[in-house]
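*Asks:* From first to last, the protein sequence lines are chains A and B.
The number in this note's numbering is simply the position in the first sequence, starting from 1, with 112 added.
The number in this note's numbering is simply the position in the second sequence, starting from 1, with 112 added.
The reader is advised that the hints may include incorrect statements.
Treat identical chains as interchangeable: a pair holds within one or across any two.
Stated by the list, open to error - BS3-like, lysine-lysine: derived pairs with alpha carbons at most 27 Å apart:
#1 181 to 360
#2 367 to 330
#3 115 to 151
#4 257 to 308
#5 115 to 308
#6 380 to 183
#7 115 to 411
#8 414 to 308
#9 308 to 287
#10 181 to 410
#11 360 to 151
#12 287 to 257
#13 257 to 411
#14 367 to 183
#15 115 to 181
#16 183 to 115
#17 287 to 380
#18 410 to 257
#19 360 to 257
#20 287 to 115
#21 257 to 115
#22 257 to 181
#23 181 to 367
I should point out that these hints are in silico values taken from the structure, not numbers from a laboratory.
2 protein chains.
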Amino acid sequence: MQKLGMQTIKFDVTPTITSTACIVGPKESDGPLASYFDKCLDDEFWGEETWEKAESKIIKETVSLAVAKSKIASQEIDYCFAGDLLNQCISSSFGLRELNIPFFGVFGACSTFVESMCLGSVFIDGGGAQNVLCATSSHFCSAEKQFRFPLELGNQRPPTSQWTVTGSGAAVLSKSGNGPYITHITPGKIVDLGIKDANNMGAAMAPAAVDTLLTHFKDTGRAPSYYDLILTGDLGHIGKEITIDMMKTHGYNIKSNYNDCGVLIFDKATQDTHSGGSGCACCGTVFSGYVFQQLQQKKVQKVLLIATGALTNATSAQQGESIPGIAHAVSIEL
Amino acid sequence: MQKLGMQTIKFDVTPTITSTACIVGPKESDGPLASYFDKCLDDEFWGEETWEKAESKIIKETVSLAVAKSKIASQEIDYCFAGDLLNQCISSSFGLRELNIPFFGVFGACSTFVESMCLGSVFIDGGGAQNVLCATSSHFCSAEKQFRFPLELGNQRPPTSQWTVTGSGAAVLSKSGNGPYITHITPGKIVDLGIKDANNMGAAMAPAAVDTLLTHFKDTGRAPSYYDLILTGDLGHIGKEITIDMMKTHGYNIKSNYNDCGVLIFDKATQDTHSGGSGCACCGTVFSGYVFQQLQQKKVQKVLLIATGALTNATSAQQGESIPGIAHAVSIEL
């Protein structure tokens with residue numbers, strides 16, 4: 113591998129995304145991308161006693177499916193990179209504790225899926241691994257309870273708020289294979305422009321997405337038009353518009369080939385999800401389902417996936433802190 | 113780099129630990145290792161309004177000190193790997209948000225310091241980075257409040273309990289340098305033998321330490337006697353004894369060259385810390401202070417550092433879950 117510019121790494125042994133898998137909850141199953149997901153659940157508990165245990169089950173089953181689809185024996189998978197939104201990433205730890213694969217816990221908030229792909233790719237290109245597993249999850253109920261209010265309170269959600277995706281996305285990356293290939297990564301810096309509204313994560317994270325996008329284009333010498341699709345993770349409708357506007361002020365028009373997983377996953381008109389989807393699984397499931405199939409069918413050939421994360425918690429919000437954002441990008445090409 | 117056996121990676125470009133830094137709180141400043149720390153604080157707040165903000169300040173200042181000691185310009189540091197025990201790792205995110213270095217959030221509970229060193233070393237050996245920064249923190253007050261009970265309650269601590277270290281440890285790793293070198297890493301699997309007592313983390317984590325130790329010896333063909341010092345991160349007195357016993361049942365006698373950072377950092381007889389120190393900063397500060405100086409002075413030449421983490425949270429404990437453990441090992445040699 114080779115460092116390009118300030119933040120980007122260009123791979124020599126471009127890792128192949130061998131397989132992906134995704135399982136989603138009931139709300140996502142009613143959305144426009146339902147047919148692309150491997151499994152659509154019809155309740156939020158999936159037979160478990162708590163939302164946290166349900167989330168662990170979702171990531172466990174998703175990982176199991178991704179490994180099965182890869183046709184690689186699980187003992188041939190060298191390392192697993194995973195994390196989630198729950199305090200101390202318990203969804204991943206409990207969901208994957210029986211996996212028996214050396215485990216790197218990752219916390220990038222909603223950028224975790226791409227952060228895991230960045231780390232896994234470096235291990236493969238460097239020669240430390242033949243195959244790695246990348247996974248993440250989120251759950252509307254466990255996230256609302258933890259970050260905002262008890263669901264039982266039934267409080268009203270402001271128009272800027274986003275709906276945490278219930279689900280999990282996982283990918284197996286391999287040293288050898290026929291693509292889609294991970295050709296570059298641009299890990300992001302923490303960016304904090306002072307947004308304090310915990311119900312407007314899109315606005316808090318958009319500046320990080322813009323920072324990483326600008327850096328990626330500068331480091332690689334590529335223009336936005338190089339990509340068939342530039343896709344952010346969970347900025348939602350408001351964050352997407354902010355990103356388009358901010359990129360425009362920097363001289364880049366990304367309107368024609370840019371979209372956001374949080375915009376795609378729900379139908380704004382009928383699903384009452386306000387600014388769209390969010391959560392680690394938003395990017396995880398939309399990429400693992402919809403985008404990966406688009407790549408396999410060659411409907412898109414070059415994708416820049418940028419997952420954004422809000423590095424905040426309930427205590428920091430109560431203590432008057434703003435919301436730092438981060439965005440990691442991965443370039444995926446056939 | 114080269115994969116050895118099931119879990120270990122052997123480096124070709126063995127990264128040098130260019131500098132380390134550590135700042136500790138008042139209790140640690142009264143302990144036997146006080147003279148090895150860069151800065152000893154005399155109160156838990158360090159002028160901040162909350163314990164969380166104090167912890168962020170501690171990691172921020174520690175990182176700043178590690179970079180200054182490395183004599184490497186911060187813009188020459190390619191990536192930062194950091195995490196902590198607070199929900200959503202806010203100590204690291206807030207403490208390092210002005211760092212302006214691409215950031216990988218890591219969650220390995222108390223194994224975070226070594227997990228960060230593992231990831232950073234792979235980036236360096238692979239050619240993706242010239243210099244990386246690894247950091248972690250913990251704080252007795254913020255951890256007690258979050259994981260156990262309000263400090264104001266003044267509840268009694270059982271004899272198996274450990275005392276979370278207030279402090280931060282940081283290290284700068286570089287492609288070129290005169291050592292100490294990171295020669296191997298053995299990232300661990302999640303191991304859960306069913307311990308449910310949140311006041312006995314040593315017992316919960318010891319099986320993971322043993323699993324990683326056995327794997328490391330098998331993968332590398334080394335015997336425990338190869339190392340001058342085998343050092344676990346925060347098993348404390350009870351976890352240390354369990355580890356010695358379990359290793360013995362597997363045919364390894366590690367008694368003569370094995371110790372634990374949680375045993376070393378406090379004086380059991382006078383400091384009322386029961387089973388010893390714990391927390392991300394336990395391994396982070398003891399390594400960055402005491403052990404790194406021992407290496408520099410060639411009092412030890414070969415160290416196997418194994419940081420252990422308990423992958424649990426307050427909710428999982430309330431929901432009757434056991435405590436999964438993990439242990440990551442890094443081999444450091446002159």
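*Asks:* Are the hints correct? Go through all of them and say.
*Replies:* So, going through the hints one by one against the coordinates:
no.	hint	result
1	181 to 360	neither (41 Å within a copy, 41 Å between copies)
2	367 to 330	within (19 Å within a copy, 55 Å between copies)
3	115 to 151	neither (39 Å within a copy, 35 Å between copies)
4	257 to 308	both (19 Å within a copy, 24 Å between copies)
5	115 to 308	neither (34 Å within a copy, 45 Å between copies)
6	380 to 183	neither (37 Å within a copy, 53 Å between copies)
7	115 to 411	neither (30 Å within a copy, 37 Å between copies)
8	414 to 308	neither (35 Å within a copy, 48 Å between copies)
9	308 to 287	neither (42 Å within a copy, 39 Å between copies)
10	181 to 410	within (19 Å within a copy, 51 Å between copies)
11	360 to 151	neither (38 Å within a copy, 47 Å between copies)
12	287 to 257	neither (40 Å within a copy, 44 Å between copies)
13	257 to 411	neither (39 Å within a copy, 52 Å between copies)
14	367 to 183	neither (38 Å within a copy, 44 Å between copies)
15	115 to 181	between (32 Å within a copy, 25 Å between copies)
16	183 to 115	between (32 Å within a copy, 21 Å between copies)
17	287 to 380	neither (40 Å within a copy, 50 Å between copies)
18	410 to 257	neither (40 Å within a copy, 52 Å between copies)
19	360 to 257	neither (37 Å within a copy, 45 Å between copies)
20	287 to 115	both (19 Å within a copy, 13 Å between copies)
21	257 to 115	neither (41 Å within a copy, 42 Å between copies)
22	257 to 181	neither (33 Å within a copy, 43 Å between copies)
23	181 to 367	neither (35 Å within a copy, 46 Å between copies)
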